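Residue numbers for the sequence shown follow the working numbering, so the first one is 589 and each next one is one higher.
FYI, nobody ran anything at the bench for these hints, they're computed from the structure. Misleading hints may appear alongside valid ones.
What the hints assert, rightly or not - Okay, derived cross-link-like pairs now, SDA-like style, lysine to any residue, Cα gap no bigger than 20 Å in a straight line:
#1 K608 x V706
#2 K608 x P693
#3 K608 x S700
#4 K608 x S695
#5 K608 x L699
#6 K692 x E711
#7 K692 x A628
#8 K692 x D621
#9 K692 x R630
#10 K692 x T704
#11 K692 x A676
#12 K692 x N708
#13 K608 x A676
Here the structure is a predicted model, which means the values were calculated and not measured.
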Amino acid sequence: MAHVLIADDDADIRDLVAFKLTQSGHRVTAVEDGMAALRAARENTVDLALLDIRMPGMSGLDVCRELRAAAQTATLPVIMITARSQEADVEVGFAAGADDYIIKPFSPRELSSRVTAVLNRVEHPRSQSRPRVLIKPGTVQWPSHRP
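Build out the structure end to end from the sequences listed, making use of the hints.
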């Protein structure tokens, strides 16, 4: 399965997320702050990052921006995890480059489902998973509808 990086300064949340994702078959690297998250993403092959927004030193938003700015990690999927639920907070997360946003408290099942969904989108992008159909002008005839 995937290698997931978890960054959260709350040990209980970090352990719960790590447990659930490990139980789902993922390999997990768990760190407690933004700088450690950035270092882990740069030094390891990671398939997805789960970042808490409020962490000491470097916030999850700053980590996300740094990941997006570096060629090596620019396409790494990022899910923000936070207690900040205002619409403006969500917009800031997406503007920083997040692929998804989970608001605390969350169910472990929801977390696992969102991780799977983001990983599936990366593994099987729509443009590659669906055949393309090209219709040239004048090549399609619509049946006439008569009452």
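Okay, the hints, checked on the actual structure:
no., hint, verdict
1, K608 x V706, "holds, 16 Å"
2, K608 x P693, "holds, 15 Å"
3, K608 x S700, "holds, 7 Å"
4, K608 x S695, "holds, 10 Å"
5, K608 x L699, "holds, 8 Å"
6, K692 x E711, "violated, 27 Å"
7, K692 x A628, "violated, 24 Å"
8, K692 x D621, "holds, 18 Å"
9, K692 x R630, "violated, 27 Å"
10, K692 x T704, "holds, 18 Å"
11, K692 x A676, "holds, 16 Å"
12, K692 x N708, "violated, 23 Å"
13, K608 x A676, "violated, 29 Å"
This entry does not satisfy hints 6, 7, 9, 12 and 13, going by the numbered hints stated previously.
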